[in-house]
Amino acid sequence: MSEAIIRTKGIKRAFDTPAGKFWALKGIDIEIPEGKFVILRGRSGSGKTTLMNIINSLDDPTEGDVFIEGTNLKDLTERERENLRRTRMGFVFQSVSLIPSLNAFQNVEFSMRMAGQKINKESAKRVEDCLKLVGLGNRMNHMSAEMSGGEQQRVAIARALAHRPGIIFADEPTAELDSAMAARVTEIFKEMTRREGITVLMTTHDVGLMGAADMIIELDNGERIIRDTENADA
Amino acid sequence: MLRIMLQKMWQKKWMNLSLLLGCILLIATTVSFPLYQKAAYDRMLQDEFNNYISEHSNWPMIMQLSANCQKDKKDTIGKIEKYAAGIYDQMGIGEYETVSYYHMFRGPVVSEIKRDDAEDMALSLAAITGLTEHARLIAGEFYSDDGVDDDGAIEVIVSQNTLTSKGLLLGECLTYKMLKSAEGDPITIKVVGVYTGRRTEDFFFQDDPERMFDICMMNPDLFRSMFTGENSALEVNFYDLFDYPSVGASQVAEINEVTRYLCEESPYKSVIKDPDYQSILEEYEIKRVRITTTLMILQIPVLVLLASFLLMISGQMYEMERNEISVIKSRGSSRGQILLLYIYQGLFLTITGACAGIPLGALFARILGSTRNFLEFNLNQSLNVTYNRETFIYAGAAMLITLLSISIPAIKHSKVSIVNLKQQRAIKKRSLWEILFLDVILIGVSLYGFYSFRKSLGDISETVLSGKSLDPLLYVSSSLFIVGMGLFFLRIQPYIVRLIYLISRKFVGPAGYISFMENIKNGRKMQLIMLFLIMTISLGMFHATVARTILENAASNRDYLDGADIILKEYWPMMTDQNGTPTGTYVEPDTTKYMTMDFADSYTKVYYDDKAYIRKGKNDRTITTVMALHTKEFGEMTHLSQDLNEESYHHYLNELAKVENGVLLSRNFETVQGMAVGDTISFYTGDGKSMSGKIVDFVDYFPSYSPTVTVINPDGNAETSQNYLIVTHFAYLKKSLGVQPYEIWIDMKDDASPDDMYDFIESKNMRVTKYVNKSEDMEHTLTDPLLQGTNGVLTMGFAVTILLCAVGYLIYWIMSIRERELIFGVLRACGFHKNEIVKMLITEQIFSGLFSVLAGIGIGKLTSAMFVPMLQASYATSEQVLPMKLITKASDLYRLYGIVAVVMLTCIFVLIFLLFRMNVTKALKLGEE
Numbered sequence: 001m002s003e004a005i006i007r008t009k010g011i012k013r014a015f016d017t018p019a020g021k022f023w024a025l026k027g028i029d030i031e032i033p034e035g036k037f038v039i040l041r042g043r044s045g046s047g048k049t050t051l052m053n054i055i056n057s058l059d060d061p062t063e064g065d066v067f068i069e070g071t072n073l074k075d076l077t078e079r080e081r082e083n084l085r086r087t088r089m090g091f092v093f094q095s096v097s098l099i100p101s102l103n104a105f106q107n108v109e110f111s112m113r114m115a116g117q118k119i120n121k122e123s124a125k126r127v128e129d130c131l132k133l134v135g136l137g138n139r140m141n142h143m144s145a146e147m148s149g150g151e152q153q154r155v156a157i158a159r160a161l162a163h164r165p166g167i168i169f170a171d172e173p174t175a176e177l178d179s180a181m182a183a184r185v186t187e188i189f190k191e192m193t194r195r196e197g198i199t200v201l202m203t204t205h206d207v208g209l210m211g212a213a214d215m216i217i218e219l220d221n222g223e224r225i226i227r228d229t230e231n232a233d234a
Numbered sequence: 001m002l003r004i005m006l007q008k009m010w011q012k013k014w015m016n017l018s019l020l021l022g023c024i025l026l027i028a029t030t031v032s033f034p035l036y037q038k039a040a041y042d043r044m045l046q047d048e049f050n051n052y053i054s055e056h057s058n059w060p061m062i063m064q065l066s067a068n069c070q071k072d073k074k075d076t077i078g079k080i081e082k083y084a085a086g087i088y089d090q091m092g093i094g095e096y097e098t099v100s101y102y103h104m105f106r107g108p109v110v111s112e113i114k115r116d117d118a119e120d121m122a123l124s125l126a127a128i129t130g131l132t133e134h135a136r137l138i139a140g141e142f143y144s145d146d147g148v149d150d151d152g153a154i155e156v157i158v159s160q161n162t163l164t165s166k167g168l169l170l171g172e173c174l175t176y177k178m179l180k181s182a183e184g185d186p187i188t189i190k191v192v193g194v195y196t197g198r199r200t201e202d203f204f205f206q207d208d209p210e211r212m213f214d215i216c217m218m219n220p221d222l223f224r225s226m227f228t229g230e231n232s233a234l235e236v237n238f239y240d241l242f243d244y245p246s247v248g249a250s251q252v253a254e255i256n257e258v259t260r261y262l263c264e265e266s267p268y269k270s271v272i273k274d275p276d277y278q279s280i281l282e283e284y285e286i287k288r289v290r291i292t293t294t295l296m297i298l299q300i301p302v303l304v305l306l307a308s309f310l311l312m313i314s315g316q317m318y319e320m321e322r323n324e325i326s327v328i329k330s331r332g333s334s335r336g337q338i339l340l341l342y343i344y345q346g347l348f349l350t351i352t353g354a355c356a357g358i359p360l361g362a363l364f365a366r367i368l369g370s371t372r373n374f375l376e377f378n379l380n381q382s383l384n385v386t387y388n389r390e391t392f393i394y395a396g397a398a399m400l401i402t403l404l405s406i407s408i409p410a411i412k413h414s415k416v417s418i419v420n421l422k423q424q425r426a427i428k429k430r431s432l433w434e435i436l437f438l439d440v441i442l443i444g445v446s447l448y449g450f451y452s453f454r455k456s457l458g459d460i461s462e463t464v465l466s467g468k469s470l471d472p473l474l475y476v477s478s479s480l481f482i483v484g485m486g487l488f489f490l491r492i493q494p495y496i497v498r499l500i501y502l503i504s505r506k507f508v509g510p511a512g513y514i515s516f517m518e519n520i521k522n523g524r525k526m527q528l529i530m531l532f533l534i535m536t537i538s539l540g541m542f543h544a545t546v547a548r549t550i551l552e553n554a555a556s557n558r559d560y561l562d563g564a565d566i567i568l569k570e571y572w573p574m575m576t577d578q579n580g581t582p583t584g585t586y587v588e589p590d591t592t593k594y595m596t597m598d599f600a601d602s603y604t605k606v607y608y609d610d611k612a613y614i615r616k617g618k619n620d621r622t623i624t625t626v627m628a629l630h631t632k633e634f635g636e637m638t639h640l641s642q643d644l645n646e647e648s649y650h651h652y653l654n655e656l657a658k659v660e661n662g663v664l665l666s667r668n669f670e671t672v673q674g675m676a677v678g679d680t681i682s683f684y685t686g687d688g689k690s691m692s693g694k695i696v697d698f699v700d701y702f703p704s705y706s707p708t709v710t711v712i713n714p715d716g717n718a719e720t721s722q723n724y725l726i727v728t729h730f731a732y733l734k735k736s737l738g739v740q741p742y743e744i745w746i747d748m749k750d751d752a753s754p755d756d757m758y759d760f761i762e763s764k765n766m767r768v769t770k771y772v773n774k775s776e777d778m779e780h781t782l783t784d785p786l787l788q789g790t791n792g793v794l795t796m797g798f799a800v801t802i803l804l805c806a807v808g809y810l811i812y813w814i815m816s817i818r819e820r821e822l823i824f825g826v827l828r829a830c831g832f833h834k835n836e837i838v839k840m841l842i843t844e845q846i847f848s849g850l851f852s853v854l855a856g857i858g859i860g861k862l863t864s865a866m867f868v869p870m871l872q873a874s875y876a877t878s879e880q881v882l883p884m885k886l887i888t889k890a891s892d893l894y895r896l897y898g899i900v901a902v903v904m905l906t907c908i909f910v911l912i913f914l915l916f917r918m919n920v921t922k923a924l925k926l927g928e929e
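Chains B and S, in that order, give the protein sequences.
Position 222 of the first sequence, counted from 1, bears residue number 222 in the numbering used here, the numbering being contiguous throughout.
Position 280 of the second sequence, counted from 1, bears residue number 280 in the numbering used here, the numbering being contiguous throughout.
No lab work stands behind these hints, which were simulated from the structure alone.
No experiment lies behind these values; they were computed from the predicted model shown.
Glycine included, C-beta positions come from ideal geometry on N, C-alpha and C.
Misleading hints may appear alongside valid ones.
[What the hints assert, rightly or not] What follows is a list of derived Cβ distance ranges for each label pair:
(1) GLY137(B) to ILE520(S): 16 to 26 Å
(2) LYS412(S) to LYS125(B): 41 to 51 Å
(3) ASP16(B) to PHE916(S): 45 to 55 Å
[To be verified] Derived EDC-like pairs (lysine to aspartate or glutamate); straight-line CA-CA distance at most 16 Å:
(4) LYS521(S) to ASP29(B)
(5) LYS774(S) to GLU762(S)
(6) LYS834(S) to GLU80(B)
(7) LYS125(B) to GLU146(B)
(8) LYS8(S) to GLU321(S)
(9) LYS569(S) to GLU552(S)
(10) LYS834(S) to GLU78(B)
(11) LYS114(S) to ASP150(S)
(12) LYS735(S) to GLU647(S)
[As the list claims (entries may be wrong)] The following residues of chain B were derived to be distant from chain S, with all beta-carbon distances above 10 Å:
(13) LYS12
(14) ARG86
(15) ILE225
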């Protein structure tokens with residue numbers, strides 16, 4: 001097993017509420033090896049998204065440390081974190097997140113621009129490959145308004161992939177899709193880990209998708225639940 | 001329903017506040033129009049009356065009824081008198097004074113005193129009501145209350161002229177030979193007093209007592225009881241002096257109508273004389289129509305902008321509420337219910353808007369009345385603004401427009417259900433104007449207008465001079481040109497952006513990339529606000545230039561025509577011989593007193609005669625003006641713009657100075673009369689004295705000289721004729737003709753006030769026959785309702801549009817940020833720095849805002865250069881002498897740019913503030929809900 005690309009140590013996160021401090025995360029330790037498709041599961045309010053945002057550096061933990069590819073996020077400045085997100089991470093969000101004024105191709109290409117990669121023939125080839133991977137090789141020139149929700153989400157996945165990040169974070173990417181499309185999307189993630197060696201961390205509460213995962217991390221009430229067998233949940 | 005409406009409005013409070021602002025401004029602007037006009041017209045009407053007083057030295061509003069009768073059997077006189085008293089009520093104007101003047105025909109009298117001419121003496125008996133209050137007694141006393149003395153003789157007073165020309169004595173009794181009383185007794189009169197006529201400001205004496213040579217005034221009550229009846233032939237005049245200061249502009253139409261009725265249709269029409277004030281009111285009416293039309297034409301684009309602002313904001317608000325509407329609709333609410341909800345909302349905003357807008361309109365009207373220049377006010381000087389019926393009619397109309405502007409977009413939106421909403425959003429449309437090539441059509445039409453007007457430029461000023469108003473088409477062409485050019489810019493703007501992108505794409509970062517793409521793909525969404533911005537700026541520039549040009553030209557023209565700060569001429573008595581006949585030589589008033597004017601920089605003597613002439617044949621006289629002056633003193637005091645003559649002004653004065661008997665002639669002596677330099681010209685002064693001079697040079701312009709004179713014929717057409725000028729040396733004229741009455745031209749110190757001069761004239765007890773005061777004339781020129789109204793409307797229009805533009809621009813951008821909050825969140829999550837998003841927005845602002853500003857400036861400059869000369873011509877006055885100059889003051893433009901810059905910077909700051917308040921994770925969450 002290769003070295004962990006994501007490692008957290010005692011992550012705690014508290015929010016101030018009128019009733020006092022609310023602990024959304026109560027000390028999470030995880031280790032995710034490179035190139036795995038990992039599902040972060042749990043009910044609504046279990047702390048999935050909070051944990052994900054702490055790992056991808058959008059949020060800071062109240063206590064604890066996050067190591068991405070061996071680097072402690074605490075040691076990075078805001079700029080360095082932004083750079084990390086641009087170059088080493090890819091994002092897929094629950095709702096429509098494509099830039100409306102760009103077509104599918106440009107949306108995907110944009111992540112490469114953000115990562116500071118050269119825009120040339122090679123990059124165009126890469127964009128095409130990514131779109132083909134998500135099954136949209138024939139819709140490259142369509143605007144997002146001209147595509148269905150599932151298609152848009154697949155473009156978003158291609159975008160998250162195009163600049164060859166180390167990790168893709170996908171927060172409930174299937175929530176707005178029907179089950180067939182959700183399964184298709186999950187398949188694509190799985191395939192990405194195989195073909196490109198990218199680590200995918202996806203949150204979902206859809207039980208039907210768990211089968212595709214290499215690893216499942218389950219949260220409940222801010223705590224990690226360790227089960228005996230990873231796929232035994234029913 | 002009401003609760004839902006208020007709830008809904010509270011949710012979109014900023015939008016609704018902007019709508020409310022729009023309503024208030026639209027109503028205020030509309031209402032300010034009749035308010036300002038009423039106040040300005042009141043002032044203008046009083047000016048007309050005052051002009052009449054100074055020109056005719058008479059009360060400006062009088063109606064005279066006169067009747068002759070041999071035997072007044074039916075008491076006609078009594079009836080007319082009663083009728084005259086009732087005219088005030090009919091006209092609806094208060095009474096200043098009613099004067100009844102009874103006059104009996106002259107009859108021979110015999111004096112109790114023996115004298116040579118007793119046989120021929122004839123006197124008239126007359127009476128004027130109120131005489132004792134207005135006449136000044138020189139000797140004796142007034143007639144008593146019962147009008148007869150103890151012996152039964154009628155007491156009379158006579159004017160000085162009557163006394164001297166008839167050789168009457170105070171206390172003398174005279175008996176009429178034929179005139180008898182009702183009882184058949186002979187009538188005897190007794191001269192008890194001598195009176196003199198009016199002080200200058202008293203308009204009581206419609207017949208000057210100094211011109212009455214044989215009239216004896218008796219007690220009017222007594223006169224009426226003795227002579228109005230069957231026994232005597234008399235003439236009666238009743239004068240109704242109306243209280244003209246109380247007459248307002250709104251009464252003019254009714255006054256005209258009643259006057260027409262009285263003079264043409266009433267039972268007493270035969271005794272009513274056509275009153276003079278009709279021509280005053282006619283002249284006023286011509287001016288009023290011209291001003292009303294002009295101001296209306298100027299105001300319409302502003303109102304259109306305001307209405308489109310309301311349409312834009314309400315459209316945008318409904319756009320935001322589309323989801324709600326479609327959800328409500330899908331849940332079974334009828335379209336009518338939704339529409340009703342919006343109509344209630346519109347009503348609420350309109351009524352609230354009116355409550356604030358109407359008083360604000362009064363303030364606007366006051367500001368209009370205090371406008372000194374474009375974006376320049378003098379608040380010390382304000383109009384007396386009062387509400388009238390018209391105000392509320394205009395307010396009602398404005399409220400209807402606001403209600404419609406707010407509700408119409410709702411009709412479209414109430415149709416939408418959630419299904420077709422999603423369909424609609426996917427459709428990308430070209431705007432209708434783009435498909436119809438409206439921009440090209442508008443430019444074409446306006447250019448056609450431009451060329452046809454340019455061809456007939458001369459005609460424009462002539463039409464205007466004959467009292468007609470600004471041709472609406474002319475102004476419309478300029479507005480159409482601006483709209484057309486604005487739209488055309490919007491058509492090409494995406495290509496410009498694309499071109500810039502193609503050139504710079506190698507250097508453009510991800511932020512710039514998105515801005516470019518946003519603009520190229522979604523630019524159409526911004527067209528309305530961009531057009532708004534372009535129009536505000538180009539109209540602003542155009543209007544600034546129009547206002548500045550019209551005003552500066554009027555001011556420099558006034559400056560030129562007056563010639564000096566003060567010109568005054570004293571009364572010059574003529575010397576008489578022992579018999580009292582004039583000798584033709586004038587007595588020169590003492591001029592040493594002028595040296596004590598400590599408020600003046602300098603003064604000089606100028607001989608000025610505008611009734612001089614040259615002769616060609618015996619009966620062929622050509623009128624010319626002759627000026628004789630000290631070249632050095634005159635040249636130091638007066639000034640003339642360099643570009644008016646071929647050479648500099650002082651060059652001509654120097655040329656004249658070199659030749660002792662030299663004359664400078666106006667150019668038309670050369671072009672029309674065929675004279676040449678070196679010729680000798682003979683000319684005559686107004687009183688026929690001849691002299692000659694050697695022609696030194698010809699000038700096109702000279703201080704106070706107008707090369708042509710335009711008069712308006714009775715048929716209403718303007719006619720222009722040549723005006724000639726001869727300038728010679730003061731010393732040469734004196735040498736040739738002796739001392740002639742001259743004027744004093746005075747250059748005042750900068751801090752001097754006109755009162756200084758008045759005080760001086762009073763303290764020196766001077767009798768002044770001509771008085772020109774440039775600063776007062778200037779004030780009069782600049783507060784001319786047409787000029788001031790134009791300036792005011794243009795300034796207010798600009799202020800209103802720039803305010804709306806700022807609000808509209810801000811709303812557009814806030815909405816655009818709100819709409820894209822999710823995308824910003826996504827970008828931030830993907831590693832975009834805040835600064836990059838700011839950079840992105842600024843780049844977008846440059847493409848929309850800055851481009852529009854630049855386009856607005858360009859279009860404004862072009863429109864000014866093309867249309868201002870024509871518009872200016874439509875403000876021509878018969879006094880306009882100097883050639884028109886297109887004037888743009890840098891300070892006006894800087895002020896304009898400054899305001900625009902403040903607006904745009906405010907927008908950017910608000911946007912950045914909003915952006916920094918935005919929380920990334922929150923923004924992302926927003927999207928999830």
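Okay, the hints, checked on the actual structure:
The hint said 16 to 26 Å for the Cβ distance between GLY137(B) and ILE520(S), and at roughly 25 Å that hint holds. Range check, LYS412(S) to LYS125(B): about 46 Å between beta-carbon atoms, so the 41 to 51 Å window is met. A beta carbon spacing of about 21 Å between ASP16(B) and PHE916(S) contradicts the range 45 to 55 Å that was offered as a hint. For the hint linking LYS521(S) to ASP29(B), the alpha-carbon distance of about 46 Å lies beyond 16 Å, and the restraint is violated.
With a CA separation close to 19 Å, the supplied pair LYS774(S) and GLU762(S) exceeds the 16 Å bound. For the hint linking LYS834(S) to GLU80(B), the alpha-carbon distance of about 14 Å falls within 16 Å, and the restraint holds. Taken as a hint, the LYS125(B) and GLU146(B) pair is broken in the structure, with Cα atoms around 23 Å apart against an allowance of 16 Å. For the suggested pair LYS8(S) and GLU321(S), the alpha carbons sit about 9 Å apart, so the restraint of at most 16 Å is met.
Proposed proximity of LYS569(S) and GLU552(S) is contradicted: the alpha carbons are some 29 Å apart, above 16 Å. For the given pair, LYS834(S) sits about 11 Å from GLU78(B) by alpha-carbon distance, which is consistent with the 16 Å threshold. Simply put, LYS114(S) and ASP150(S) have alpha-carbon atoms about 23 Å apart, too far for the 16 Å limit, and the pair is violated. Among the hinted pairs, LYS735(S) with GLU647(S) is inconsistent with the structure: their alpha-carbon atoms are about 29 Å apart, more than 16 Å.
With a closest Cβ-Cβ approach of about 17 Å to chain S, LYS12(B) is found to remain outside the 10 Å limit, as its non-interface label requires. With a least beta-carbon separation of about 3 Å from chain S, ARG86(B) fails to lie farther than 10 Å from that chain, contradicting its non-interface assignment. The claim that ILE225(B) is not at the interface with chain S holds, since no C-beta of that chain comes within 10 Å of its own (minimum 24 Å).
When the structure is compared with the earlier hints, violations turn up for hints 3, 4, 5, 7, 9, 11, 12, 14 and for no others.
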